[in-house]
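Asks: The primary structure of each chain is shown beneath.
2 protein chains.
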Amino acid sequence: MKRVKLALLGFGNAGQAFARLLCEKHDKIKQKYGCEVEVTAIATNSRGNLVSADGIDLEKALLDLAESGRFKDEQSLSAMSTMEIVKNADYDVLIEMTPLNIFTGQPAISHIEAAFERKKHVITANKGPIAWKFAELKEAAEKAGVKFFYETTVMDGTPVFNLVDKTLQMAEVTEVSGILNSTTNFILEEMAAGVPHEEIMERGRRMGFIEADPAMDIEGYDAAAKITALLNVLMDAHITPDMVERKGIEDITVDDIREAESRGNVIKLVCRGVKEKGCVKASVRPEEIPKGDMLASVNSTTSVVSITTDLMKKLSVIEHEPEIEQTAYGVFGDLLRVLGE
Amino acid sequence: MKRVKLALLGFGNAGQAFARLLCEKHDKIKQKYGCEVEVTAIATNSRGNLVSADGIDLEKALLDLAESGRFKDEQSLSAMSTMEIVKNADYDVLIEMTPLNIFTGQPAISHIEAAFERKKHVITANKGPIAWKFAELKEAAEKAGVKFFYETTVMDGTPVFNLVDKTLQMAEVTEVSGILNSTTNFILEEMAAGVPHEEIMERGRRMGFIEADPAMDIEGYDAAAKITALLNVLMDAHITPDMVERKGIEDITVDDIREAESRGNVIKLVCRGVKEKGCVKASVRPEEIPKGDMLASVNSTTSVVSITTDLMKKLSVIEHEPEIEQTAYGVFGDLLRVLGE
Chain A
1 MKRVKLALLG FGNAGQAFAR LLCEKHDKIK QKYGCEVEVT AIATNSRGNL
51 VSADGIDLEK ALLDLAESGR FKDEQSLSAM STMEIVKNAD YDVLIEMTPL
101 NIFTGQPAIS HIEAAFERKK HVITANKGPI AWKFAELKEA AEKAGVKFFY
151 ETTVMDGTPV FNLVDKTLQM AEVTEVSGIL NSTTNFILEE MAAGVPHEEI
201 MERGRRMGFI EADPAMDIEG YDAAAKITAL LNVLMDAHIT PDMVERKGIE
251 DITVDDIREA ESRGNVIKLV CRGVKEKGCV KASVRPEEIP KGDMLASVNS
301 TTSVVSITTD LMKKLSVIEH EPEIEQTAYG VFGDLLRVLG E
Chain B
1001 MKRVKLALLG FGNAGQAFAR LLCEKHDKIK QKYGCEVEVT AIATNSRGNL
1051 VSADGIDLEK ALLDLAESGR FKDEQSLSAM STMEIVKNAD YDVLIEMTPL
1101 NIFTGQPAIS HIEAAFERKK HVITANKGPI AWKFAELKEA AEKAGVKFFY
1151 ETTVMDGTPV FNLVDKTLQM AEVTEVSGIL NSTTNFILEE MAAGVPHEEI
1201 MERGRRMGFI EADPAMDIEG YDAAAKITAL LNVLMDAHIT PDMVERKGIE
1251 DITVDDIREA ESRGNVIKLV CRGVKEKGCV KASVRPEEIP KGDMLASVNS
1301 TTSVVSITTD LMKKLSVIEH EPEIEQTAYG VFGDLLRVLG E
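Same order as they appear, the protein sequences are chains A and B.
279 is the number that the numbering used here gives to position 279 of the first sequence; each next residue is one higher, with no gaps.
Every position in the second sequence, counted from 1, becomes a number in the numbering used here once 1000 is added.
Please note that the accuracy of each hint is not assured.
What the hints assert, rightly or not - Simulated restraints, written as ranges between beta carbons of each label pair: (1) B:GLU1198 <-> A:ARG205: 35 to 45 Å; (2) B:ALA1192 <-> A:GLY12: 44 to 54 Å; (3) A:LYS60 <-> B:GLU1142: 50 to 60 Å; (4) A:PRO290 <-> B:PRO1099: 48 to 58 Å; (5) B:ALA1066 <-> A:THR253: 14 to 24 Å; (6) A:LYS277 <-> B:GLU1321: 44 to 54 Å; (7) A:ARG203 <-> B:PRO1290: 17 to 27 Å.
To be verified - Below, in silico cross-link-like pairs of lysine-lysine (DSSO-like), each with a Cα-Cα straight-line distance of 27 Å or less: (8) B:LYS1005 <-> A:LYS30; (9) B:LYS1166 <-> A:LYS314; (10) B:LYS1028 <-> A:LYS147; (11) B:LYS1025 <-> A:LYS166; (12) B:LYS1030 <-> A:LYS28; (13) A:LYS72 <-> A:LYS32; (14) B:LYS1032 <-> B:LYS1072; (15) B:LYS1133 <-> B:LYS1030; (16) A:LYS166 <-> B:LYS1032; (17) A:LYS28 <-> B:LYS1275; (18) B:LYS1072 <-> A:LYS166; (19) B:LYS1281 <-> A:LYS143; (20) A:LYS32 <-> A:LYS87; (21) A:LYS28 <-> B:LYS1138; (22) A:LYS32 <-> B:LYS1275; (23) B:LYS1147 <-> B:LYS1002; (24) A:LYS143 <-> A:LYS119; (25) B:LYS1119 <-> A:LYS25; (26) B:LYS1138 <-> B:LYS1281; (27) A:LYS87 <-> A:LYS28; (28) B:LYS1275 <-> A:LYS25; (29) B:LYS1072 <-> A:LYS32; (30) A:LYS166 <-> B:LYS1138.
Simulated from the structure, these hints should not be mistaken for lab results.
Glycine included, each C-beta is placed from N, C-alpha and C at the ideal position.
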């Protein structure tokens, strides 16, 4: 039976959820795709790295982490750095889940480039590379004759890129919009409900919606990276996040929200991209949305992408309150594409 | 170059829109799929039938219809009946778009069965066969080694069946719901807006939302057929439309709508299917939906399907105010699947 070897870069909540899913579905994959999927390397920032060409015991690795916060498998522990793993470990598919630097897309971009040089397939859950360097990476994958999938980078495992790629044949995307950042969505909702600022931030942090430094979300950088990724893939936009006309929710006051309400509207941070004179123009900004509109119903961690094409007009895909398992499924679904195509 | 020959059963608005799309994209299909798509038969109820193994001049056929309401191509006009065409004409793909008998699925089912007997691929835009006899037809297609696609039967070309089939690998559908009938959606909205009954019906007929005999929509038969089709395909339900617990909007009064409004709700005709003790239970009934809910924002001819799976939880797909071109694209997309797989 064919062995397919994975190198996992990053093993945080999403990486661990992916590993659990892989353990759970191991036998079914074998049955359906006729191959034995094994993890031969795991690179982390602070939990140690594991490398074993014979395959890592994933269940033990998960257990060790849960018990002690570190890997403990003496045989597989490795002093190789993340980049050394990318360049030298024995794997077929690189799965890029390292933390994102939203201003550069690094080091994920370098990892992916190095994997393509070795003619390895790549799956990324990291939107940085798609936002900052998609066209070049896609070309490198094509030259190397390998697969390059990135469904998870926008709306987790909810089909967006694969939806257009697999089910909207010959339709040309002319417009994309959506609500893509749950932190700002949560904050605007809580503000509208009259919750004081400090309490919103505290509750959001406790629930995991708000990061220690929330500026990336609040000022619209995260949303800008996501709409850039969407437009690069779906509309060949050739843009980077710094080209997005970006305005976050930092200046939105409770008074603004009340005034919008008096007009029957709510305020949402909306991403948009549209073709104008052959160029794709992208924006992220707070907009007043009529209460009866579909966008107004997108609350909490729910998100939505609307895609307009020449042949199918406008359709929308909504992901309802995802959890970490939905991120894991995004990576898993891309892995199944690698196995199946 | 490989020729792919189509037999079109039914040539109403959707069939003609499909024919126009085919003419428009003929060269691009050739380029992308390396085949020459030709129509070798068109069967209609009252406009005559065309049969020509060398290929029908589609643009002329469309023009003749537009000018005189009948086919006029002397060379291709045929006395063959629809079923004779299915059984004897020279084609590779049967495209079933005949009018639906919602209580039997006929004659579409017989057309499809006869095509499978000849080992021909089938695309149906007609939901009857999927609602009444899906499992058997699917098995017949597999036995014959041919393709059988039906994206258009629910929400036109908006990816629903193809979405699950192509982008949600290994995820098991556990629940399906949606708003799938635009006639009732339109009527409920107009009632809420205070439009008198007679005026609603007249306006709806003029706009093409309401059929001469609206009972199929108003009493929920159309919605029941659609949820049945969804559940048969996505959940292996093995049910027929008469097994759906069905309640239409025939008894909904303006008072009911006002009372719902006083509770912050709107009334929508909602389809649901869920697995209970190994069996799929389906229902169609008016429900009160909170105004902030995504379902409440689905107005006019917009429709929505929500799909819950074990691995991806709930996602929704919305089709925004489709026109006949979106129906045509559904058939077209299925044709591209036949050509590409």
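Asks: The structure should be examined with respect to each hint, and the outcome stated for every one.
Replies: Okay, the hints, checked on the actual structure:
1. B:GLU1198 <-> A:ARG205: 35 to 45 Å: This hint is violated: roughly 58 Å between Cβ atoms.
2. B:ALA1192 <-> A:GLY12: 44 to 54 Å: holds (48 Å)
3. A:LYS60 <-> B:GLU1142: 50 to 60 Å: The hint (50 to 60 Å, Cβ to Cβ) is violated, given that LYS60 of chain A and GLU1142 of chain B are roughly 42 Å apart.
4. A:PRO290 <-> B:PRO1099: 48 to 58 Å: Check failed, 38 Å falls outside 48 to 58 Å.
5. B:ALA1066 <-> A:THR253: 14 to 24 Å: With Cβ atoms ~58 Å apart, the hint is violated.
6. A:LYS277 <-> B:GLU1321: 44 to 54 Å: Violated, since LYS277 of chain A and GLU1321 of chain B (Cβ atoms, about 27 Å apart) do not stay within the stated range.
7. A:ARG203 <-> B:PRO1290: 17 to 27 Å: holds (23 Å)
8. B:LYS1005 <-> A:LYS30: violated (39 Å)
9. B:LYS1166 <-> A:LYS314: Status holds; Cα separation ~20 Å.
10. B:LYS1028 <-> A:LYS147: Holds, at about 25 Å.
11. B:LYS1025 <-> A:LYS166: holds (18 Å)
12. B:LYS1030 <-> A:LYS28: Violated - the C-alpha atoms of LYS28 of chain A and LYS1030 of chain B are around 38 Å apart, more than 27 Å.
13. A:LYS72 <-> A:LYS32: Status violated; Cα separation ~33 Å.
14. B:LYS1032 <-> B:LYS1072: Violated, at roughly 33 Å.
15. B:LYS1133 <-> B:LYS1030: violated (34 Å)
16. A:LYS166 <-> B:LYS1032: holds (15 Å)
17. A:LYS28 <-> B:LYS1275: holds (22 Å)
18. B:LYS1072 <-> A:LYS166: It is violated: about 39 Å lies between the C-alpha atoms, which goes past 27 Å.
19. B:LYS1281 <-> A:LYS143: violated (50 Å)
20. A:LYS32 <-> A:LYS87: Measuring from Cα to Cα gives roughly 31 Å; hence the hint is violated.
21. A:LYS28 <-> B:LYS1138: holds (23 Å)
22. A:LYS32 <-> B:LYS1275: With a Cα-Cα distance of about 24 Å, the restraint between LYS32 of chain A and LYS1275 of chain B holds, given a limit of 27 Å.
23. B:LYS1147 <-> B:LYS1002: holds (18 Å)
24. A:LYS143 <-> A:LYS119: Measuring from Cα to Cα gives roughly 9 Å; hence the hint holds.
25. B:LYS1119 <-> A:LYS25: Answer violated: LYS1119 of chain B to LYS25 of chain A is near 36 Å, above 27 Å.
26. B:LYS1138 <-> B:LYS1281: At roughly 21 Å apart (the allowed maximum being 27 Å), LYS1281 of chain B and LYS1138 of chain B satisfy the hint.
27. A:LYS87 <-> A:LYS28: violated (31 Å)
28. B:LYS1275 <-> A:LYS25: Holds, because 22 Å separates the two Cα atoms, which is no more than 27 Å.
29. B:LYS1072 <-> A:LYS32: Roughly 52 Å separates the two Cα atoms, so the pair is violated.
30. A:LYS166 <-> B:LYS1138: holds (21 Å)
Of the numbered hints stated above, those contradicted by the structure are hints 1, 3, 4, 5, 6, 8, 12, 13, 14, 15, 18, 19, 20, 25, 27, 29, listed in ascending order.
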